[in-house]
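S.K.: Sequence:
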Amino acid sequence: METEESTLKRQIVRSMKILHRRGLMTGVGGNASARVEGSDEIWITPSGVYKPELKPSDLVKIDLDGRVVEGILKPSMEWHFHTAIYRRRADINAVLHTHSPFTTGLALADLKLRPITLEAATILADVPILPFRYPGTEELGRQVGEAILGRRALILQNHGVVAVGFDMIEALSTIEILEEVSIMTFIASQYGIIQEIPPDQIELIKKLYRI
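In our numbering, the protein residues as written are 172 to 382.
Rather than coming from a laboratory, the hints here were simulated on the basis of the structure. Bear in mind that the values here come from a model prediction, so they are computed numbers and not experimental data. Check before you lean on any hint, since a few could be wrong.
Restricting the straight-line Cα-Cα distance to at most 16 angstroms, the calculated cross-link-like pairs of lysine to aspartate or glutamate (EDC-like) are [unchecked claim]:
#, residue 1, residue 2
1, Lys180, Glu241
2, Lys226, Glu176
3, Lys226, Glu241
4, Lys188, Glu347
5, Lys377, Asp297
6, Lys378, Glu290
7, Lys232, Glu175
With the hints as constraints, model all of the structure from the sequences given.
M.R.: Structure (structure tokens):
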């Protein structure tokens, strides 16, 4: 019988392969983690392993101080912001980091997401673009840990996207919605004025969905 941790590891690997197939991360770019239920430990993807070849046995278990608990490979260099998120958000059990091309590309032009779809107006109502901080540093970890409070996603300028969720499916869905809205925004911007959902309709949507 598969254990809860085995299921967790399998979900991480599956998410990485889905995101790679969809072009939201390169073979060695991006990372993911998931919290071990009832503990201060997480499973995180390793550095330098090609995503299509990633296996559950490649994952590394670390504590929230970054110490390796289990595994033989080196944990992702971005463990600082993964652990910072789990320390600040008890409600979060999964973290994904991608280099989603349209979402990251719009941020390069300092174009923020706007309420153009139901999801953009509700789930992604507040997605900040954070100033560039060098990857893999404690400084980036602190920045992300503070900015993610009360949010489901954020964009790292000149870098990529971070999304969180109650579980891996929620985090994965957020990444997908972000990119979908970014593609729509890019297409619309090439042909005219982007039409947003009116503010009164956004408030109605929030009431209906109890957001």
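S.K.: Indicate, hint by hint, whether the structure satisfies it.
M.R.: These are the hints, each one checked on the structure:
no. : hint            : in the structure
1   : Lys180 / Glu241 : holds (13 angstroms)
2   : Lys226 / Glu176 : holds (14 angstroms)
3   : Lys226 / Glu241 : holds (15 angstroms)
4   : Lys188 / Glu347 : holds (14 angstroms)
5   : Lys377 / Asp297 : holds (14 angstroms)
6   : Lys378 / Glu290 : holds (14 angstroms)
7   : Lys232 / Glu175 : holds (14 angstroms)
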